[in-house]
Amino acid sequence: MTQPDQHTRSPPPPLPLDTRSLTTNSTTQHLCYRHRPDLTRNRPPDPFNFQDVQRQIECLSSSDQAAISHVWSLFAQAPADQRTLILKGLLSTCCMPQLSFLYDEIRPLLRIDFACILPREVCLRIFSFLDAKSLCHAAQVSSLWKSLADDDTLWHRMCEQHIDRICTKCGWGLPLLDKIKKQGKRHDNSSGSSSNSSSPMVMDPIPSEPTQSSPNKRARCDISSQQEMMMIDNQEHEMHNHVKKRRPWKDVYSERLVVERNWRQNKHTVRHLSGHTDGVMCVQFCEASNIAITGSFDCTIRVWNLETGHEIRQLTGHTRGVRALQFDKCKLVTGAMDNTLKIWDWHTGRCIRTLEGHTAGVLSLHFDCRLLASGSADCTIRVWNFAAGECFSLTGHTEWINSVRICTYDQLLVSASDDATIRIWNLQSKTCVRVLDGHVGQVLCALPSTTRAFRHRLVPQSCSSTITSTDHDEPVIVSGAFDNTVKFWDFNGNCLRTLFGHLEGVWSVAFDSLRVVSGSHDRSVRVWDMESGKCMYALNGHTHPITAVAMSDTKIISASDDGDVCIWDFGMSQ
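With positions in the sequence shown counted from 1, the corresponding number in our numbering is that position plus 21.
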């Protein structure tokens, strides 16, 4: 190239293509993906850095700068078909190193961010096929991807797939954490009452010019305006509370994911409730109220505060050991070896009523809104109908009845006995409709799923593998016995699965849609995966046989023959 005059300035390099296209074409429909100004603002930065090229050009001589700028200008002003011809000619003259350079540089330039060019609805549809981990990774790509990956509809669907159920795609489930829901409702009620009792700010009526209106009419107008202002103030307060309490579904999911990981990784804290002087035979707790109640062979029932671990009150009245109990918001029902059932107001400790009828100790009980069932050492089941004011007996077991459970949705009752059988009773016809044989030892507990919302997908052990799981999408019964096993049953009497692992008899079981917990005479609490039936781990800490277990979404409470009560808390945050 010839050297130009030193006083001659080289023409400035051409503008970047996206800016030039914007200045030459006011519409965006004919512009390509790289040069549309509306997409440039949203998509990630272009990997091609024109500033680096500019710095390299400045290192050249003025004549070389002018020549390169002239070539660029010719190419930029050429129509699309001529651009293609120019590129073909350049490719024909390129050597292998230059072609390799082009290959490396073009690959990142051909990547297209679909989130910039597709409608938001289409992008959300694409993101809906991602799992939770992939959505979190996608949220780190750019601000646009974050707004899509954090969309509430995506995480609402994610919560529907995982909370209180096993996801059919990934095999994971998340706890319901019903405590938080109930506390929220209780907080709503309390805040509502407090807002009604508090005095909202009332503005003084604005003085007006004297009129011919009567004083009574003026007073009515003032009162009406004050009431209207009070209503507006209350409505604004309620709307503010409603908006403030709303949480993103991603937060709901992540909160439950922390608890589920604690369950899977066996991360927990242990606390003890001390006070009983003899074996604790029954326990129930409510996380929403932070209340636990235990019954013992020391003839006492104790009410505990779960947060502090302190005893709230002690209920006395039974003359022999307490073997069974159940409570709700208002009442507590207990059964003891003194042949009686007692109904208490557990808030005050007052015994409201004593039910007599059994001729031997009461070993088990269960009630719903209108029925109370009790199983006894006299081999009978008594059903007390509070609505009708009647009581009837169910006979069929030949040994002690260790467990009774009412299935409200089907008007059925499930019982377990020392005669190694489980019986299903029809409460309307008052007859036994099915006997479940399979255990070879005394059956200590048999728990049906509480509602038809819980359904299993297990194949009976006696059936061939060709039967699909959808053929057996029915409620389940979980039982534990002194043959050291935990068994799953359907209501047709089929044994669906047997869990082996305990070294001695199983005293008590509890389960939800994700896990089964069992307490055994071998002094261990085992946690089983509901879907696979595998033992996840064993909790060791008791020094005597475990007689009762209860569980929630975040806790396991186990009681032993020495009066010790352990709280295994999986709800702590990481």
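Keep in mind that the hints were calculated from the coordinates and are not lab data.
By construction, the Cβ of each residue, glycine as well, lies at the ideal position given by its N, Cα and C atoms.
Among the clues, some could well be false.
Using C-beta positions, here's what the derived DEER-type ranges look like [to be verified]:
| id | residue 1 | residue 2 | range |
| --- | --- | --- | --- |
| 1 | Arg334 | Ser553 | 18 to 26 angstroms |
| 2 | Phe150 | Leu106 | 41 to 49 angstroms |
| 3 | Leu112 | Lys167 | 21 to 29 angstroms |
Calculated cross-link-like contacts (lysine-lysine; reagent style DSS-like; alpha-carbon spacing at most 27 angstroms) [to be verified]:
| id | residue 1 | residue 2 |
| --- | --- | --- |
| 4 | Lys555 | Lys190 |
| 5 | Lys154 | Lys167 |
| 6 | Lys288 | Lys109 |
| 7 | Lys288 | Lys555 |
| 8 | Lys190 | Lys167 |
| 9 | Lys190 | Lys350 |
| 10 | Lys288 | Lys154 |
| 11 | Lys190 | Lys154 |
| 12 | Lys555 | Lys576 |
| 13 | Lys576 | Lys350 |
| 14 | Lys576 | Lys352 |
| 15 | Lys555 | Lys154 |
Hints not upheld, ascending by number: Per hint list: 1, 3, 6 and 9 violated.
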